[in-house]
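Participant: Protein sequences appear in the order of chains A and B.
Its first residue numbered 1, the first sequence is counted upward by one per residue in my numbering.
Its first residue numbered 1, the second sequence is counted upward by one per residue in my numbering.
A portion of the hints provided could be inaccurate.
Which copy? The list can't say, so a pair holds if one copy fits it or any two copies do.
[Unchecked claim] Below, in silico cross-link-like pairs of lysine to aspartate or glutamate (DMTMM-like), each with a Cα-Cα straight-line distance of 25 Å or less:
no.	residue 1	residue 2
1	Lys17	Glu101
2	Lys2	Glu57
3	Lys15	Glu57
4	Lys17	Glu99
5	Lys2	Glu67
6	Lys61	Glu101
7	Lys2	Glu86
8	Lys2	Glu77
9	Lys52	Glu108
10	Lys43	Glu86
11	Lys17	Glu54
12	Lys43	Glu77
13	Lys52	Asp9
14	Lys2	Asp103
15	Lys17	Glu56
16	Lys110	Glu99
17	Lys15	Glu86
18	Lys52	Asp103
19	Lys15	Glu108
20	Lys12	Glu108
21	Lys15	Glu54
Hints listed in this document are in silico derivations from the structure and should not be mistaken for laboratory results.
As the structure is a prediction and not an experimental result, all values here were calculated from the model.
There are 2 protein chains.
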Amino acid sequence: MKQVIVVNDSLKLPKGKLAAQVAHASVSAFLAADELTKQVWLKNGMPKVVLKGENEEYLMKLQTRAEEQGVPAQLIEDAGRTVVPEGTVTCLGLGPAPESELDGLTGELKLLR
Amino acid sequence: MKQVIVVNDSLKLPKGKLAAQVAHASVSAFLAADELTKQVWLKNGMPKVVLKGENEEYLMKLQTRAEEQGVPAQLIEDAGRTVVPEGTVTCLGLGPAPESELDGLTGELKLLR
Numbered sequence: 001m002k003q004v005i006v007v008n009d010s011l012k013l014p015k016g017k018l019a020a021q022v023a024h025a026s027v028s029a030f031l032a033a034d035e036l037t038k039q040v041w042l043k044n045g046m047p048k049v050v051l052k053g054e055n056e057e058y059l060m061k062l063q064t065r066a067e068e069q070g071v072p073a074q075l076i077e078d079a080g081r082t083v084v085p086e087g088t089v090t091c092l093g094l095g096p097a098p099e100s101e102l103d104g105l106t107g108e109l110k111l112l113r
Numbered sequence: 001m002k003q004v005i006v007v008n009d010s011l012k013l014p015k016g017k018l019a020a021q022v023a024h025a026s027v028s029a030f031l032a033a034d035e036l037t038k039q040v041w042l043k044n045g046m047p048k049v050v051l052k053g054e055n056e057e058y059l060m061k062l063q064t065r066a067e068e069q070g071v072p073a074q075l076i077e078d079a080g081r082t083v084v085p086e087g088t089v090t091c092l093g094l095g096p097a098p099e100s101e102l103d104g105l106t107g108e109l110k111l112l113r
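If we strip away everything but chain A, and leave its shape as in the complex, we get (with noise of 0.2 Å):
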C-alpha cells in the first residue's frame, strides 16, 4: 500500500510551492481512501513517492485511468496567489491504493529529483 503524487514537471516550480503542492495532494487523497486503506498505510509509515508528469494534460487523463480502476486520484489546483495563474494543476494525488495498482498506472514515469 503506498501513495504516489505525480507533479506537473511542466511548471518547474520553486521547491517550498512544489513541496506544498504535494503535501496538499497527499492530505486530500489520504482523506478520500476507504477507513481500512487509510489504516494499513499510516501503519506502514505513509510511503509515499514523487514523480514527474509531463505537463497538465497528461495528469488529467491519469486521473481519469485511476478513477476508471477504482484508485483515489485528487487532482490539485493551485488558488493563484502566488507563483501560477489560479486554476492551474499542479500535481495529482493517487492512493494510498495496493502498489500493483499505482505501478500499473505510474510505472514508466520517473522520480522527482
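Since chain A is already given, all that's left is putting chain B on it; use the hints.
Facilitator: Only chain B this time, still in chain A's reference frame:
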C-alpha cells in the same frame, strides 16, 4: 487556521525527496489535530506554508516550544532508505492551528523558495 511545515535547511534535500517529507509532516500533523480544527482547516482549503529552519537542533527546540503552547507538532525522521542516514530529522509539521499562535512560533523564519 493554517499549517506550517519547517524543513531542515541544512540537509539540502533533492526537491522530490523534500516534497515527500513535507507531505509526511503535513499528514502527521493533520492527524494530530482535534476534530473541529481539522474540519475548519479543510473547509478553508488547507492553507499551509513551508519555511526554512536552520538545522535539526532548531527543529527539535521548536517542537518543544510548540508543544508547550498546545500546538500539535510532528517531527519527521527519515526512514533512511535513500538519501540521508536513518533517523535524520527532515522537517517539523505544526498545526493546523490558529495563525496567531503559529506566527508567534515561526514568524521570523523565511519561506523556502
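Participant: Would you pick out the hints that fail for this structure and give their numbers low to high?
Facilitator: Checked against the structure, no hint fails, so every one of them is satisfied.
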